[in-house]
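**Q** If you want the building blocks of each chain, they are given just below.
There are 2 protein chains.
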Amino acid sequence: MNGAESLVHTLLKSGVDTCFANPGTSEMHFVAALDRIPGMRCVLGLQENIVTGMADGYWRMSEKPAATLLHCGPGLANGLANLHNARRARSGIVNIVGDQATYHRPLDAQLTADTEGWARPVSGWVRTAMDAKRVGADAAVAVQAARTAPGQIATLILPADTAWNEGGEPAEALPVPPATTPDPHAVKTAARVLREKKNVLILLGGIGLRGEAQALAWRAAQATGQRVLAEMSNARVERGRGRLQLERVPYPVDMAIESLKWVEHLILVNAKAPVGFFAYPGKPSRHYPETAEVHVLSRYEEDGIAALQALVEELGAPEAAMPDPGPRPDPARGAPTPEGLARTLAALMPEGSIVADESVSFGRGFYKETHAAPPHDWLQITGGAIGCGMPLATGAAIGAGGQRRVINLQADGSAMYTLQSLWTQAREKLPVTTIILSNRKYQILIGEYQNVGANPGPTAMSMLDLGNPDLDWLRLAGGMGVEAARATTLEQCGDLLAQSCAQNAPFLIELVI
Amino acid sequence: MNGAESLVHTLLKSGVDTCFANPGTSEMHFVAALDRIPGMRCVLGLQENIVTGMADGYWRMSEKPAATLLHCGPGLANGLANLHNARRARSGIVNIVGDQATYHRPLDAQLTADTEGWARPVSGWVRTAMDAKRVGADAAVAVQAARTAPGQIATLILPADTAWNEGGEPAEALPVPPATTPDPHAVKTAARVLREKKNVLILLGGIGLRGEAQALAWRAAQATGQRVLAEMSNARVERGRGRLQLERVPYPVDMAIESLKWVEHLILVNAKAPVGFFAYPGKPSRHYPETAEVHVLSRYEEDGIAALQALVEELGAPEAAMPDPGPRPDPARGAPTPEGLARTLAALMPEGSIVADESVSFGRGFYKETHAAPPHDWLQITGGAIGCGMPLATGAAIGAGGQRRVINLQADGSAMYTLQSLWTQAREKLPVTTIILSNRKYQILIGEYQNVGANPGPTAMSMLDLGNPDLDWLRLAGGMGVEAARATTLEQCGDLLAQSCAQNAPFLIELVI
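Chains G and C, in that order, give the protein sequences.
So for the first sequence, UniProt numbering puts the first residue at 1; every next one is plus one.
So for the second sequence, UniProt numbering puts the first residue at 1; every next one is plus one.
Be a bit skeptical, because a hint or two may be false.
Given that identical chains are not distinguished, each listed pair holds provided it fits within a single copy or across any two copies.
Unchecked claim - Keeping only pairs whose Cα atoms sit at most 25 Å apart, straight-line, the calculated DMTMM-like set for lysine to aspartate or glutamate is: (1) Lys272 with Asp108; (2) Lys429 with Asp472; (3) Lys197 with Glu319; (4) Lys64 with Glu238; (5) Lys197 with Glu264; (6) Lys261 with Asp108; (7) Lys441 with Glu483; (8) Lys261 with Glu491; (9) Lys133 with Glu313; (10) Lys441 with Glu428; (11) Lys429 with Asp465; (12) Lys429 with Asp470; (13) Lys283 with Asp108; (14) Lys283 with Glu258; (15) Lys133 with Asp470; (16) Lys283 with Glu293.
Read the hints as simulated data drawn from the structure, not as lab findings.
In this text, all values refer to a predicted model and were calculated from it rather than measured experimentally.
Here chain G stands alone, though its shape is the one from the complex (with noise of 0.2 Å):
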């Protein structure tokens, strides 16, 4: 048994069965073992950041780590920008990046790269295996560490030597340590500032924003008449009818530090305490006040909801009834305006979809409507990196089984990333809609050049205008085997929603705004 044969094995002994790939010929003897043996699903996407992105959305809705199979050196590049919005996810996925024969580095062939220093940066865990004989071991470490709470991205790089020399041995899976139990002490302190203080804000991130934890916080705060969160960007948030109508701390700097002014204490619960996503010259970089007080319920390798089930318990908090969202809303109509596209798809999208949001500037609207839609999940662009929703989106499809509907609200310059993700898509069969939001620019950038004191000029929309020529999304989806159509109204965009969730394929909405 060779080095890569003893690497699918364990792979597979480790509960690693699905794969995302975009192989070079240092990875063949690797893509020979998977062929050699069974059980692993092989996903290949057009380039790596695709792949990359479907292990973050993967991970996302299965809770288990996919690996990814990645060329060395400019491979791993290429999918770098959507590891850093998985890790800022705290995905876990078992990052497999082949190179150069360990023999072979020293001697700089045009393809060498410094592998391992690329990967740092976006990884929890590194490894280069150096024996086909530890190869297996080396993978069952990665799957450990790929799993260990929170989840984070493990990269383990495989020179082509160790997978095609014989002597491979496969491991047996490795525990997972289980997240840690919450900080008794961070319970009480929490239990007394919401008793005791005014103004306590109880802010959700990771884990606690599954609905167990809104549960659990909205007892908390009902309890002690204090509030709750959710964090700017998040990874998963589980919403709709039965989940609580929790609103997010917002992107634009203004709205956050108004948002926020009135706290005086802030309590985590597996997030971190808001800064903004970009400074800007004379605001705050902080978006709490500076003299509130920031205290940690449970931290990202923490069990957060075990921590607000403690708290709960701490506080005697009653059984509290969620708040009735009222009806669900009727499809809108007319001209796409946020609140009306919203409105649209809390009316049509069945029961159990994933809403995949890279939605950008038109989409800051889009949370406030949905409420009353019936339960799904919510993923966002966590780290800013853009180019991550079409991948995502095809992703969470795999991750969720193929069963449950997609919608990809996905702004147009930033679908432009990742395009490829659509061929994907058709390739796998999978059930996802994308509305394109064609603004034919890239708007949140023209708002941020005002915000620097003036209109742009020609030169600078020359950089900032996605027109001449425009974009034409149904040849762009045609050409990679999606079917497509365009709406300019919300009731075209209502009609081929409805109709795209009836067909088991991926179908893309180009809604002209």
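Could you slot chain C onto chain G? The hints should help.
**A** Structure of chain C alone, referenced to chain G:
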């Protein structure tokens, strides 16, 4: 004057007047400065690997650096693969990357990443600006570094506050150190080896592949009865009538070893002794005989043309007429073959064409059949990171002033990495004819798989086949504003090529092979 304005003024003073860009929020003050200060041509790429690949092509044809403008962290990461190729081409690029404000970085906002760490492996020079007052001086050093022979990537990281703070001071252009003059000892050694030894190969790379250098190398070889060859992957070769009928070291390992097995002495002119692109089990990593002696006539940073001139003088080698390549071929007919396509190209390409070659497996026979074409330049993928050809063609068209026809011989799998290039070609109305070599598979990898010892089974083919669904290149090109047509025979391809060369616009031919 703010830091960003001092940066733009300094770039213009230093002769940098073209900026390939995809900015984000942290670069908005730089965008505003470009807007206010006339003189910089800004060219938008819809993903950063387009941006960096264009800057590479621009340098190869113009021999001066362009600036890039990339977004912090993940934006840079998206462009690393083509920076890797540019590094291997030894192209000069002033690689400007925005970043979080200096005081915001420690807060680890979502988009914060290890910008400097990612830049370092591809850069010859890296600096993070820390003060608006110093940005001008930093930029002048960056341009000097980019232009230092043979050319290198100089990465200047620009935290947002160093762009927006006042106190910027434009800096004057710094002198560019001339390429190091050749070592007289190396010249004497090379002359002695050429005169006294048998089986000597002069291997040309870099500047040694310009027409002038070829003529000198040919004189030296003719005077001593020795041979001349080019490296396998070259940034730019001047070719066609009046140039040497130069062959390259072959890519496949067995062919490379066979072609070099006679070599007893290797004289390197801005080249590297040949090693395999990859290692293969049981095959040597070095492709020249172990017993061969290696002599360096000129290193990368040295003036190879001056070194060859000195060599010719040392040898007292007489003028030598370039061998006649024979008559210009007629266009080929019938089913597409590599040789037939190359003959069609040689028959129809306008004088002064630029060939951007990312033909991968199909293109290995192109070189031999194009010696009798009119004078032209041939650009290759130098670092092996696929997705180079289309941005390279785009940037080369701009670097050549928009007056020369660029013909991009483009493998389909690689094309899907950076297809967004077509949009920039349409927007800038560039004279680029893309010939997609559409075999609907990663053919090179299927060959590599078979080398591993078997035919690929269904799982392997799920990662190596690009069918299911077939990519429709006419729709993909049309979706980005580029006219396109399909050819299934060489005469159709020839007709479309000739027609496209008569228009000052991009065109795409899907050649079904």
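**Q** Let me make sure I understand: some of the numbered hints might not hold for this structure. Which ones are they, in numerical order?
**A** Going through the list in order, the structure violates hints 8, 9, 15 and respects the others.
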